[in-house]
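Novice: Okay, here's what each chain looks like letter by letter:
2 protein chains.
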Amino acid sequence: MIQKPIKLFYWPSLQGRGEFVRLVLEYNNIPYEDVCRDKAKGVKPLLNILESSKTIFAPPILQIGELFLNQTPNILQYLGKILNFSGGSEANQRECHSIQLSIADFTSEIHNLHHPISSSLYYEDQIVEAILATNTFFENRFDKWFQFFERAIGNNPYITGSVLTYVDLSLFQIWAGMIHAYPNRMKERRIHFPKMDSLYFRVKEDEKLRTYLNSTRRIPFNEHGIFRYYPKLDGESQIS
Amino acid sequence: MIQKPIKLFYWPSLQGRGEFVRLVLEYNNIPYEDVCRDKAKGVKPLLNILESSKTIFAPPILQIGELFLNQTPNILQYLGKILNFSGGSEANQRECHSIQLSIADFTSEIHNLHHPISSSLYYEDQIVEAILATNTFFENRFDKWFQFFERAIGNNPYITGSVLTYVDLSLFQIWAGMIHAYPNRMKERRIHFPKMDSLYFRVKEDEKLRTYLNSTRRIPFNEHGIFRYYPKLDGESQIS
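Protein sequences, first through last, are from chains A and B. Residue numbers are given in the numbering used here: position 78 of the first sequence equals residue 78, and the series is strictly consecutive. Residue numbers are given in the numbering used here: position 104 of the second sequence equals residue 104, and the series is strictly consecutive.
Quick caveat, the hints were computed from the structure, so don't treat them as lab data. Misleading hints may appear alongside valid ones.
Where chains are identical, the list cannot tell them apart; a pair therefore holds if satisfied intra-copy or between any two copies.
Once the Cα atoms are required to be at most 20 angstroms apart in a straight line, the calculated PhoX-like pairs of lysine-lysine come out as [unchecked claim]: (1) K144 <-> K54; (2) K54 <-> K7; (3) K232 <-> K187; (4) K144 <-> K7; (5) K195 <-> K54; (6) K144 <-> K44; (7) K39 <-> K204; (8) K44 <-> K187; (9) K41 <-> K7; (10) K54 <-> K39; (11) K7 <-> K187; (12) K187 <-> K41; (13) K208 <-> K41.
Model the full structure from these sequences, guided by the hints.
Specialist: Here you go:
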């Protein structure tokens with residue numbers, strides 16, 4: 001396993017992209033310091049890295065000894081390799097990375113639904129556009145994305161076959177996020193994606209993750225992260 | 001070098017994300033078939049892959065022998081390794097991949113400026129939102145992005161030092177794209193980013209690329225790709 005001290009630098013009050021990394025560390029029972037959640041430290045150490053690093057544009061950042069990694073798919077590719085958590089063979093590692101990059105695209109697309117004009121403005125300043133973006137997504141994009149993920153799962157319990165990888169944890173996370181953010185829309189939708197749904201339950205009930213998911217280390221979904229529950233975006237504005 | 005036949009599958013009438021791959025192949029003088037640009041074939045072979053592949057959500061797709069790669073940063077990471085085109089050491093390879101992933105994020109952010117509501121709707125149906133998104137980007141995001149890229153270049157001619165890598169070609173491409181899409185805005189902006197500007201000229205005038213850039217193989221920038229020139233988004237609507 002990893003002998004060096006591991007530190008995660010991410011915004012302290014939201015799951016966000018950091019959660020994809022946390023899930024991998026927690027599942028593999030790797031000790032790590034979630035630096036910015038230490039109230040005595042706060043986000044200062046993260047901001048220090050962003051100001052001084054040559055290669056890092058945004059968190060999450062994972063420090064392993066002297067090595068600083070950023071960009072979620074890059075961090076997961078690295079962890080997948082050293083933890084043997086991406087299906088073993090080079091072909092499986094490549095497959096995991098490729099799908100994870102599409103999950104990253106999906107994640108950005110979801111974030112844009114509540115921030116279509118700009119991530120630098122408040123949601124409250126772009127609600128009309130957010131409703132339009134979200135309706136269009138569920139009309140034109142949702143099925144395309146999850147048909148793809150279902151095809152990727154295929155007839156196996158996990159994405160590369162019978163062994164769980166970091167991609168399965170990410171697929172769990174995005175399905176959990178969709179269920180949180182769009183409970184009304186997902187009620188009808190999820191029955192059409194039985195493979196996503198069973199993968200979700202398989203991961204959720206995995207004993208290697210259950211302790212974490214029920215702990216205070218798991219930040220609850222909230223309206224600061226990627227998957228936000230805004231009733232107006234969940235189709236309710238059309239009903240009332 | 002690569003002994004196996006190489007095929008690129010990408011939309012035939014735009015640079016888009018495929019261009020980041022083309023630049024690497026062209027610079028290294030690698031023979032490849034740009035499949036969909038063969039009018040007898042068209043996009044059919046690309047659509048066939050998308051329908052049948054388990055791991056591929058979207059093009060560009062690069063076929064090397066039996067291997068199918070997708071997701072631009074993933075393709076470039078692979079080519080960087082086998083062509084020794086990512087600065088040699090493992091640390092440099094990781095740095096290149098990390099920065100390339102941020103370039104991919106940047107590219108998506110730029111695409112969103114003309115398609116803020118949805119990539120599945122026409123630009124013409126979201127012009128008002130596109131103007132708002134673009135103005136906000138140039139106010140809040142442009143400097144943040146290019147200060148980062150300038151910091152990444154540092155005092156070296158190229159991103160990892162004295163040797164050109166695939167990341168330098170991508171930085172050339174996004175700066176060329178910005179100059180095409182926002183000639184008016186960029187007139188004032190580019191003087192504040194001298195490192196981007198000299199990298200751009202260094203790559204543009206590199207004799208290993210000049211033939212390609214002047215050939216018909218280089219599709220001109222147009223209003224189908226990522227970097228689109230719409231006068232209304234270039235600040236002209238505010239003037240008139």
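Novice: Work down the list of hints and note, for each, if the structure agrees.
Specialist: Hints, verified against the model:
1. Taking the shortest Cα distances, K144 and K54 sit within 20 angstroms of each other only across copies (13 angstroms), while inside one copy they are farther apart (37 angstroms).
2. In this assembly of identical chains, the alpha carbons of K54 and K7 lie at most 20 angstroms apart only when taken from the same copy (19 angstroms versus 34 angstroms across copies).
3. For the homomeric pair K232 and K187, the shortest alpha-carbon distance inside one copy (16 angstroms) is at most 20 angstroms, but the shortest distance between copies (41 angstroms) is not.
4. Taking identical chains as interchangeable, the C-alpha atoms of K144 and K7 are never at most 20 angstroms apart, the minima being 36 angstroms within one chain and 25 angstroms between chains.
5. In this homomeric assembly, K195 and K54 come within 20 angstroms of each other (Cα to Cα) only across copies, at 14 angstroms, whereas the closest approach inside a single copy is 41 angstroms.
6. Proximity of K144 to K44 under the C-alpha cut-off of 20 angstroms is restricted to the inter-copy arrangement: shortest distance 19 angstroms between copies versus 40 angstroms within a copy.
7. Taking identical chains as interchangeable, the C-alpha atoms of K39 and K204 are never at most 20 angstroms apart, the minima being 29 angstroms within one chain and 49 angstroms between chains.
8. Taking the shortest alpha-carbon separations for K44 and K187, neither the intra-copy value of 41 angstroms nor the inter-copy value of 36 angstroms comes in at or below 20 angstroms.
9. In this assembly of identical chains, K41 and K7 lie within 20 angstroms of each other by CA distance solely inside one copy; the values are 13 angstroms within and 51 angstroms between copies.
10. Taking the closest pair of Cα atoms, K54 and K39 never come within 20 angstroms of each other, the shortest separation being 27 angstroms inside a single copy and 44 angstroms across copies.
11. In the homo-oligomer, the alpha carbons of K7 and K187 never lie at most 20 angstroms apart, since the shortest distance is 38 angstroms inside one protomer and 43 angstroms across protomers.
12. Taking CA atoms no more than 20 angstroms apart as the test, K187 paired with K41 passes in neither setting, with 41 angstroms inside one copy and 42 angstroms between copies.
13. Proximity of K208 to K41 under the C-alpha cut-off of 20 angstroms is found in neither arrangement, the shortest distances being 29 angstroms within a copy and 50 angstroms between copies.
In the structure shown, a violation is registered for the earlier hints numbered 4, 7, 8, 10, 11, 12 and 13, in ascending order.
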